[in-house]
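*Asks:* Sequence:
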Amino acid sequence: MNFFKKPVIFFALIILGSSMTGRAQYLYQLDPFFSYFRDLGRYEIGAHYVMSTAGFSGTVPVGSYGSGQGDVDVTHTLTSANLGAYLGTSIPFKATGHISLWAMDIGLNLNMPTWPGLNMTNTYSSPSPLLTASTMQIGLPIGVEWEIGCHAIESRRIFEIAGHDRTHKLYGASVGAGFIPQVSMTTLADAPDVKTGYGYNCAPYFKAEIVENYLFCTKFRIMYTMGDVNLLEVDHALPGKTDGPFKIVSQSNLYLSVVIMPFTFRWKETSWWNTHDTYNHFDRLN
Numbered sequence: 001m002n003f004f005k006k007p008v009i010f011f012a013l014i015i016l017g018s019s020m021t022g023r024a025q026y027l028y029q030l031d032p033f034f035s036y037f038r039d040l041g042r043y044e045i046g047a048h049y050v051m052s053t054a055g056f057s058g059t060v061p062v063g064s065y066g067s068g069q070g071d072v073d074v075t076h077t078l079t080s081a082n083l084g085a086y087l088g089t090s091i092p093f094k095a096t097g098h099i100s101l102w103a104m105d106i107g108l109n110l111n112m113p114t115w116p117g118l119n120m121t122n123t124y125s126s127p128s129p130l131l132t133a134s135t136m137q138i139g140l141p142i143g144v145e146w147e148i149g150c151h152a153i154e155s156r157r158i159f160e161i162a163g164h165d166r167t168h169k170l171y172g173a174s175v176g177a178g179f180i181p182q183v184s185m186t187t188l189a190d191a192p193d194v195k196t197g198y199g200y201n202c203a204p205y206f207k208a209e210i211v212e213n214y215l216f217c218t219k220f221r222i223m224y225t226m227g228d229v230n231l232l233e234v235d236h237a238l239p240g241k242t243d244g245p246f247k248i249v250s251q252s253n254l255y256l257s258v259v260i261m262p263f264t265f266r267w268k269e270t271s272w273w274n275t276h277d278t279y280n281h282f283d284r285l286n
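Sequential numbering from 1 applies to the sequence shown in my numbering.
There's no promise every hint is true.
What the hints assert, rightly or not - Straight-line C-alpha distance at most 25 Å; calculated SDA-like pairs for lysine to any residue:
| id | residue 1 | residue 2 |
| --- | --- | --- |
| 1 | Lys219 | Ser155 |
| 2 | Lys207 | Thr79 |
| 3 | Lys219 | Ser252 |
| 4 | Lys207 | Leu254 |
| 5 | Lys247 | Lys207 |
| 6 | Lys207 | Lys195 |
| 7 | Lys207 | Pro181 |
| 8 | Lys219 | Ala177 |
| 9 | Lys207 | Ile106 |
| 10 | Lys207 | Val144 |
| 11 | Lys219 | Tyr49 |
| 12 | Lys207 | Thr89 |
| 13 | Lys219 | Thr96 |
| 14 | Lys195 | Ser155 |
| 15 | Lys247 | Val234 |
| 16 | Lys219 | Ile91 |
| 17 | Lys268 | Leu215 |
| 18 | Lys195 | Glu233 |
| 19 | Lys268 | Ala173 |
| 20 | Lys207 | Ala47 |
| 21 | Lys207 | Thr132 |
| 22 | Lys219 | Leu87 |
| 23 | Lys247 | Ala189 |
| 24 | Lys195 | Phe265 |
| 25 | Lys268 | Ser35 |
| 26 | Lys247 | Trp102 |
| 27 | Lys219 | Pro262 |
| 28 | Lys219 | Asn82 |
| 29 | Lys207 | Tyr49 |
Calculated from the structure, these hints are not laboratory results.
Make a model of the complete structure from these sequences and hints.
*Replies:* See the structure below:
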């Protein structure tokens, strides 16, 4: 075969046979996916303040039990301010600049909203006692986020500049979105004959965070999830509390979180996402 008469094959052989060292600084060796779970420097743990909303619909009596004032169908929105916890990590997969990258975000969420006053009638005299429910929500947020700054490339040499002096505050930011497969377990107070309700859903979420570092890398995060999921359905009346079937439907959660990366001290600039360029104390977000 005469390679000179087939220029495409000829040039392909030249390229494949040439030295690759000239491009070595742009070739990154990606480790197996699950090996990144051993990188303790990217793990984070935190606490949530959660503002949850849900909806109640059902038939409830008017006035106290036995008053004979009849009943009414009600539908109203429930709100709950509650606390929660978070554990997670991020797995980088694509560098986008000097100090930024795309990463897969994986975590574990836990929060426990309480729903008081389920059987309130809004405009009529409410029954007594009022009905209360409690929910435990366990979720596994999985998504993609864009990270920029110290937490993205695990570098302690990216600093905020104040005039001509360098402060000791490392900084960064992230934005991301994904889905949360979630299970919810709901129980009614003072209603032992009502079984725990289980709800399953996969809700979308959006989040944003700012990052700073003193002793530990700290993230201040806001995250919002949405989507209706049945928390509890009761197909019979509860004497003195409801006069017929009712249900509770979760609608949304707004998370305000403080998250720390406790293994910040393990950060080393020895991974593919932070060895492709040089760094100095005066790097900025660009």
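*Asks:* Hint by hint, say whether it matches the structure.
*Replies:* Taking the hints in turn, this is what the structure says about them:
A distance of roughly 15 Å separates the Cα atoms of Lys219 and Ser155; the hinted pair therefore holds under the 25 Å criterion. Of the supplied pair hints, the one linking Lys207 and Thr79 holds, its CA atoms being roughly 21 Å apart against a limit of 25 Å. Between Lys219 and Ser252, the direct Cα distance comes to roughly 22 Å. Compliance with the 25 Å bound is thereby established for this hinted pair. With a CA separation close to 10 Å, the supplied pair Lys207 and Leu254 stays within the 25 Å bound.
For the hint linking Lys247 to Lys207, the alpha-carbon distance of about 30 Å lies beyond 25 Å, and the restraint is violated. Between Lys207 and Lys195, the direct Cα distance comes to roughly 34 Å. Violation of the 25 Å bound is thereby established for this hinted pair. The hinted pair formed by Lys207 and Pro181 meets the criterion: a straight-line CA distance of about 16 Å does not exceed 25 Å. Our distance criterion of 25 Å between C-alpha atoms is met by Lys219 and Ala177, whose separation comes to about 16 Å.
Taking the CA atoms of Lys207 and Ile106, the gap is near 13 Å; set against the 25 Å cutoff, the hint holds. Taken as a hint, the Lys207 and Val144 pair is honoured in the structure, with Cα atoms around 10 Å apart against an allowance of 25 Å. Distance restraint check for Lys219 and Tyr49: the Cα-Cα separation of roughly 14 Å lies within the 25 Å cut-off, and the hinted pair is therefore satisfied. Straight-line distance between C-alpha atoms of Lys207 and Thr89 comes to about 15 Å, which keeps the hinted pair within the 25 Å bound.
Between Lys219 and Thr96 the CA atoms are separated by roughly 21 Å; this keeps the pair inside 25 Å, and the hint holds. Between Lys195 and Ser155 the alpha-carbon distance is near 51 Å, which puts this suggested pair outside the 25 Å criterion. Our distance criterion of 25 Å between C-alpha atoms is met by Lys247 and Val234, whose separation comes to about 6 Å. For the proposed pair Lys219 and Ile91, the alpha carbon gap of about 17 Å is at most 25 Å, so the pair holds.
At most 25 Å may separate the alpha-carbon atoms for a hinted pair to count; Lys268 and Leu215 meet this at roughly 16 Å. Pair hint Lys195 plus Glu233 holds up; C-alpha atoms about 10 Å apart against a cutoff of 25 Å. Annotation: proposed proximity of Lys268 to Ala173 holds, straight-line Cα distance about 20 Å (limit 25 Å). With a CA separation close to 15 Å, the supplied pair Lys207 and Ala47 stays within the 25 Å bound.
The suggested pairing of Lys207 with Thr132 is violated, with an alpha-carbon distance near 31 Å, which exceeds 25 Å. A C-alpha spacing of about 13 Å is found between Lys219 and Leu87, which places the hinted pair at or below 25 Å, so the restraint holds. Only pairs whose Cα atoms come within 25 Å are accepted, and Lys247 paired with Ala189 is accepted, the gap being roughly 15 Å. Between Lys195 and Phe265 the CA atoms are separated by roughly 48 Å; this puts the pair beyond 25 Å, and the hint is violated.
Annotation: proposed proximity of Lys268 to Ser35 holds, straight-line Cα distance about 16 Å (limit 25 Å). The suggested pairing of Lys247 with Trp102 is violated, with an alpha-carbon distance near 41 Å, which exceeds 25 Å. Pair hint Lys219 plus Pro262 holds up; C-alpha atoms about 11 Å apart against a cutoff of 25 Å. Our distance criterion of 25 Å between C-alpha atoms is met by Lys219 and Asn82, whose separation comes to about 20 Å.
A distance of roughly 14 Å separates the Cα atoms of Lys207 and Tyr49; the hinted pair therefore holds under the 25 Å criterion.
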